[in-house]
Amino acid sequence: KAGVTQTPRYLIKTRGQQVTLSCSPISGHRSVSWYQQTPGQGLQFLFEYFSETQRNKGNFPGRFSGRQFSNSRSEMNVSTLELGDSALYLCASRYLPAPRTGELFFGEGSRLTVL
Amino acid sequence: DQQVKQNSPSLSVQEGRISILNCDYTNSMFDYFLWYKKYPAEGPTFLISISSIKDKNEDGRFTVFLNKSAKHLSLHIVPSQPGDSAVYFCAASGGATNKLIFGTGTLLAVQP
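Protein sequence lines, in the order shown, are assigned to chains A and B. Numbering of the first sequence is given in the working numbering, commencing with residue 1 and proceeding in unit increments. Numbering of the second sequence is given in the working numbering, commencing with residue 1 and proceeding in unit increments.
Next comes chain A alone, as it looks inside the complex:
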């Protein structure tokens, strides 16, 4: 069974630009979550999608947005990039939103550097 796939793995952008990251969940998983990892901040929850609907949202500004398609693939977008957006962005999928039915499975992440 293929794991969670994230693209691109690495990218470099400049301030003010926008970026779109893509995530393909494990086959059969309908829930996709996004996290931002920065040194000292751990994994900060961005949002979770289930059946194309955003179910949960973290405390990030509106520049961070996401969506989920009918095949459960998800994208997240960051507009007007700032230096502080440099981070590892992790996508995770699970069979259902409720964690008791299975843990989150993470992709390897997309490393974003903003110059």
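Hint data in this document are derived by calculation from the structure and do not stem from the laboratory. Any given hint could be a false lead.
Think about it this way: if two alpha-carbon atoms lie no more than 30 Å apart in a straight line, the pair counts; the simulated DSS-like pairs of lysine-lysine are [unchecked claim]:
#1 B:K56 - A:K13
#2 A:K57 - B:K68
#3 A:K13 - B:K68
#4 B:K54 - B:K5
#5 A:K57 - B:K99
#6 A:K57 - B:K37
#7 A:K57 - B:K71
#8 B:K56 - B:K37
Predicted model, so just to flag it, every value in this text is computed and none were measured.
Place chain B on chain A using the hints.
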């Protein structure tokens, strides 16, 4: 507001000894807790979980203890092995939203 806290950024232990990683939480609605392990350049992988109806869960060398009154959980690794060297994250969920909240992580180094 960091609802899940791992106050030790790093921990170093000798191979064969016990590793104890700690985690504190503030939200009394949390009722499900997990530990993840992360190697460099890889995504986190699930290690072990515990529900709030239990105070201990064991899986091989890994045991998680939950103290609800203290809002504290810990992960014990016995015996520690060099391959256990990684960043360990605790996570919690519960309440209406059910989203998974992670701590800041503890870097464990097991010395041969």
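Hint-by-hint comparison with the structure:
1. B:K56 - A:K13: violated, 46 Å
2. A:K57 - B:K68: holds, 26 Å
3. A:K13 - B:K68: violated, 45 Å
4. B:K54 - B:K5: holds, 21 Å
5. A:K57 - B:K99: Status holds; Cα separation ~9 Å.
6. A:K57 - B:K37: The given pair, whose Cα atoms are some 24 Å apart, holds under the 30 Å limit.
7. A:K57 - B:K71: Holds: K57 (chain A) and K71 (chain B) sit about 24 Å apart, inside 30 Å.
8. B:K56 - B:K37: Status holds; Cα separation ~19 Å.
Of the numbered hints listed earlier, those contradicted by the structure are 1 and 3.
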